[in-house]
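Number of protein chains: 2
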Amino acid sequence: MHRVKAVELQRFSTKIFEAAGTPSDIAMTVSRMLVRANLCGVDSHGVRRIPEYVERIDTGQYKPKERPKILRQKGGTGIIDGRWGFGQPAAMMAMELAIKKARTHGVGTALAIRTNHIGRVADYTELAAENRMIGFGLTNCGPGVAPWQGRDRLLGTNPISFAVPAGKEDGLLVDYATSVSSAGKLEVFKTKGKEVPIGWVQDKAGNDSTDPNILAKGGSLRTFGGYKGYGLNLVVESLGGALTGEGVADEFKGQNGTFMQAINIEFFIPFREFTKGVDQLVKKMRGSSPAVGYSEVLIPGDPERRAVVERSAQGIELNDVVWGSLKKVATRFQIEDPVAL
Amino acid sequence: MHRVKAVELQRFSTKIFEAAGTPSDIAMTVSRMLVRANLCGVDSHGVRRIPEYVERIDTGQYKPKERPKILRQKGGTGIIDGRWGFGQPAAMMAMELAIKKARTHGVGTALAIRTNHIGRVADYTELAAENRMIGFGLTNCGPGVAPWQGRDRLLGTNPISFAVPAGKEDGLLVDYATSVSSAGKLEVFKTKGKEVPIGWVQDKAGNDSTDPNILAKGGSLRTFGGYKGYGLNLVVESLGGALTGEGVADEFKGQNGTFMQAINIEFFIPFREFTKGVDQLVKKMRGSSPAVGYSEVLIPGDPERRAVVERSAQGIELNDVVWGSLKKVATRFQIEDPVAL
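Chains A and B are the protein sequences, given in the same order.
So in our numbering, spot 125 of the first sequence is number 125, and the numbers just go up one at a time.
So in our numbering, spot 207 of the second sequence is number 207, and the numbers just go up one at a time.
Careful: at least some of the hints might be erroneous.
[Unchecked claim] List of simulated lysine to aspartate or glutamate pairs, EDC-like, C-alpha gap at most 20 angstroms:
hint, chain 1, residue 1, chain 2, residue 2
1, A, K204, B, E296
2, B, K276, A, D250
3, A, K276, B, D250
4, B, K74, A, E273
5, A, K276, A, E266
6, B, K74, A, E266
7, A, K276, B, E251
8, A, K168, B, E251
9, B, K253, A, E273
10, B, K190, B, E317
11, A, K253, B, D279
12, B, K253, A, D279
13, B, K276, A, E251
14, A, K74, B, E273
15, A, K253, B, E273
16, A, K283, B, E251
17, B, K283, A, E251
18, B, K100, B, E130
19, B, K168, A, E251
20, A, K283, B, D250
21, B, K283, A, D250
[To be verified] If you want the footprint, here are the derived chain A segments under chain B, 3+ residues with CB under 8 angstroms:
hint, segment
22, 66 to 80
23, 152 to 165
24, 197 to 211
25, 242 to 256
26, 278 to 287
[As the list claims (entries may be wrong)] Derived Cβ-Cβ restraints for the label pairs, each shown as a range:
hint, chain 1, residue 1, chain 2, residue 2, range
27, A, V292, B, E296, 36 to 46 angstroms
28, B, K283, A, V292, 42 to 52 angstroms
29, A, D320, B, R72, 54 to 64 angstroms
30, B, R67, A, E266, 27 to 37 angstroms
31, A, V339, B, K283, 50 to 60 angstroms
32, B, N213, A, R286, 22 to 32 angstroms
33, B, E273, A, T104, 26 to 36 angstroms
34, A, R305, B, R132, 37 to 47 angstroms
35, A, R132, B, D25, 35 to 45 angstroms
36, B, P303, A, V339, 51 to 61 angstroms
37, A, K194, B, V321, 46 to 56 angstroms
If you're looking for bench data, these hints aren't it; they were derived computationally from the structure.
For glycine and all other residues, C-beta sits at the position ideal for the given N, C-alpha and C.
Required output: the full structure, derived from the provided sequences and hints.
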């Protein structure tokens with residue numbers, strides 16, 4: 001394990017993307033978001049993506065100089081064309097447009113199409129919450145998940161996020177894949193030589209499996225909560241795949257078909273009255289009695305918040321595989337290696 | 001068991017509500033929706049509610065003559081005041097307003113406040129799908145569910161629904177509680193003398209339980225999919241409780257704090273192109289390989305569709321408890337008992 005400070009990783013990441021032909025502002029934005037994912041404890045969306053992004057610049061899938069543009073806007077809606085540049089600026093522009101539309105229409109909704117990987121959906125829904133709105137976002141992605149009661153790898157991990165602003169308390173941050181787990185999380189188990197809990201994945205026949213390598217053997221991820229999570233997953237296919245026109249299931253042509261919505265609270269209720277309710281909800285949850293075997297009741301977003309506190313202080317841990325891949329790309333571009341603590 | 005035809009139950013239900021002081025049009029609308037729930041296999045929201053509604057008319061909680069009104073509208077949003085009449089017309093008016101707003105603004109969103117029980121959320125989201133839009137709806141309700149890792153009964157079963165129109169195929173209908181189960185479903189287990197599956201409920205300390213009477217003993221329902229379903233449940237508290245101003249968790253003052261949204265597909269993509277995508281998604285799911293132990297892969301809404309086919313032909317089965325309660329209310333109002341098949 002190698003521990004590195006967040007700022008150091010941001011410096012490193014920015015340099016790499018710049019060296020690969022990315023304008024500085026985009027390189028900085030993307031790097032901050034990758035490192036933010038690590039800080040939040042979501043390592044699957046962190047700096048381990050750097051070599052992947054660079055590789056995709058090499059293959060031409062990423063056009064690092066391209067900037068997103070507003071393709072169309074009408075009423076409270078809009079569509080952002082990501083032009084196959086980095087996905088993060090496109091998704092951010094979609095939420096920015098949604099927030100702007102919500103100022104006039106009460107609810108604003110924008111899609112982002114032709115985008116590469118957008119990272120954590122929470123980065124965008126939180127922007128809405130910072131602007132006194134409720135953020136709702138989701139993104140379709142390539143297949144790795146089986147339908148409920150099925151065994152074919154047809155659906156994306158299809159994450160969904162809601163961010164709800166609070167007053168004095170922490171806001172709610174819901175942000176997760178509609179599968180139980182993701183390929184990225186399985187990697188973590190693989191690296192540690194650990195078995196995956198029952199229910200997360202299945203073999204190619206659809207049997208329970210605990211093998212973190214099961215995807216390479218034709219297995220698949222399962223939707224969370226069975227039929228219910230499956231339903232939500234198909235909503236993401238519909239909004240992020242069919243509505244964006246990027247295709248559905250294993251014929252999804254995009255990388256991340258993205259849907260962002262901002263709900264302007266003031267159109268429904270005075271903001272302070274709303275946050276009073278959310279504060280009360282948060283206090284009630286955190287103040288409630290834990291079930292046997294647990295010591296506390298959390299709210300959605302607490303795991304991320306705690307990781308940020310801990311990792312901001314202690315640094316971000318990178319395993320040997322990730323560390324090695326970062327050093328390799330550093331050598332290629334003659335960038336100084338990240339300095340470990 | 002007593003089997004009764006749907007039309008006969010509608011006749012019966014309408015007569016009862018009329019006798020209890022409800023205008024005929026409202027009585028008919030509500031009755032059709034209750035029976036529709038039975039047809040869809042969702043007995044918890046079916047005619048077993050008739051005696052409950054009548055009781056609430058007696059106590060003054062239901063004002064059967066009151067009609068919902070538009071309280072406020074602005075941009076793509078609106079608020080319906082249910083005036084404590086039957087909840088169904090209020091929720092329907094909210095979705096109707098959302099659809100109307102979506103014609104101009106692309107996305108329409110309406111709340112319904114001061115409503116009684118609105119029934120199945122799917123009844124409203126389907127209205128959006130019938131109008132070539134994507135329907136999204138949810139409703140907050142009184143507490144029976146514990147927070148994730150908690151044991152206090154603080155949250156509602158808080159259902160959520162999405163309806164997605166298709167072209168030649170059946171559309172997607174996602175409609176479920178964000179708890180694994182509901183009090184109504186436990187009743188069914190109780191009546192049959194069966195144990196509840198592990199994971200659905202817990203005792204008052206938070207231990208696993210299979211007792212269908214556990215709620216009466218201080219136990220609670222659990223959220224579906226653990227932390228993930230818990231997050232979605234709190235989104236419903238936020239939109240259906242805080243945004244409506246009806247209160248959150250165990251201080252929720254309403255019966256059903258309701259949020260309805262219609263997404264106008266044509267603002268984003270030609271309708272036929274969208275439905276081509278959804279058709280493809282549906283065909284891919286249904287045509288995919290079942291996992292071992294299963295014979296087919298379903299889409300969300302299939303269980304309801306199948307129940308409708310079967311129950312339209314065979315009649316709706318009512319157990320002795322429900323049957324007895326319907327006869328009792330029939331006697332009170334001197335209405336002819338439902339005729340069993």
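Okay, the hints, checked on the actual structure:
{"no.": "1", "hint": "A/K204 with B/E296", "in the structure": "holds (16 angstroms)"}
{"no.": "2", "hint": "B/K276 with A/D250", "in the structure": "holds (15 angstroms)"}
{"no.": "3", "hint": "A/K276 with B/D250", "in the structure": "holds (15 angstroms)"}
{"no.": "4", "hint": "B/K74 with A/E273", "in the structure": "holds (19 angstroms)"}
{"no.": "5", "hint": "A/K276 with A/E266", "in the structure": "holds (14 angstroms)"}
{"no.": "6", "hint": "B/K74 with A/E266", "in the structure": "holds (11 angstroms)"}
{"no.": "7", "hint": "A/K276 with B/E251", "in the structure": "holds (12 angstroms)"}
{"no.": "8", "hint": "A/K168 with B/E251", "in the structure": "holds (19 angstroms)"}
{"no.": "9", "hint": "B/K253 with A/E273", "in the structure": "holds (15 angstroms)"}
{"no.": "10", "hint": "B/K190 with B/E317", "in the structure": "holds (16 angstroms)"}
{"no.": "11", "hint": "A/K253 with B/D279", "in the structure": "holds (16 angstroms)"}
{"no.": "12", "hint": "B/K253 with A/D279", "in the structure": "holds (16 angstroms)"}
{"no.": "13", "hint": "B/K276 with A/E251", "in the structure": "holds (12 angstroms)"}
{"no.": "14", "hint": "A/K74 with B/E273", "in the structure": "holds (19 angstroms)"}
{"no.": "15", "hint": "A/K253 with B/E273", "in the structure": "holds (15 angstroms)"}
{"no.": "16", "hint": "A/K283 with B/E251", "in the structure": "holds (12 angstroms)"}
{"no.": "17", "hint": "B/K283 with A/E251", "in the structure": "holds (12 angstroms)"}
{"no.": "18", "hint": "B/K100 with B/E130", "in the structure": "holds (13 angstroms)"}
{"no.": "19", "hint": "B/K168 with A/E251", "in the structure": "holds (19 angstroms)"}
{"no.": "20", "hint": "A/K283 with B/D250", "in the structure": "holds (12 angstroms)"}
{"no.": "21", "hint": "B/K283 with A/D250", "in the structure": "holds (12 angstroms)"}
{"no.": "22", "hint": "66 to 80", "in the structure": "holds (count 5)"}
{"no.": "23", "hint": "152 to 165", "in the structure": "holds (count 4)"}
{"no.": "24", "hint": "197 to 211", "in the structure": "holds (count 4)"}
{"no.": "25", "hint": "242 to 256", "in the structure": "holds (count 9)"}
{"no.": "26", "hint": "278 to 287", "in the structure": "holds (count 5)"}
{"no.": "27", "hint": "A/V292 with B/E296: 36 to 46 angstroms", "in the structure": "holds (39 angstroms)"}
{"no.": "28", "hint": "B/K283 with A/V292: 42 to 52 angstroms", "in the structure": "holds (47 angstroms)"}
{"no.": "29", "hint": "A/D320 with B/R72: 54 to 64 angstroms", "in the structure": "holds (59 angstroms)"}
{"no.": "30", "hint": "B/R67 with A/E266: 27 to 37 angstroms", "in the structure": "holds (28 angstroms)"}
{"no.": "31", "hint": "A/V339 with B/K283: 50 to 60 angstroms", "in the structure": "holds (54 angstroms)"}
{"no.": "32", "hint": "B/N213 with A/R286: 22 to 32 angstroms", "in the structure": "holds (30 angstroms)"}
{"no.": "33", "hint": "B/E273 with A/T104: 26 to 36 angstroms", "in the structure": "holds (28 angstroms)"}
{"no.": "34", "hint": "A/R305 with B/R132: 37 to 47 angstroms", "in the structure": "holds (41 angstroms)"}
{"no.": "35", "hint": "A/R132 with B/D25: 35 to 45 angstroms", "in the structure": "holds (41 angstroms)"}
{"no.": "36", "hint": "B/P303 with A/V339: 51 to 61 angstroms", "in the structure": "holds (57 angstroms)"}
{"no.": "37", "hint": "A/K194 with B/V321: 46 to 56 angstroms", "in the structure": "holds (49 angstroms)"}
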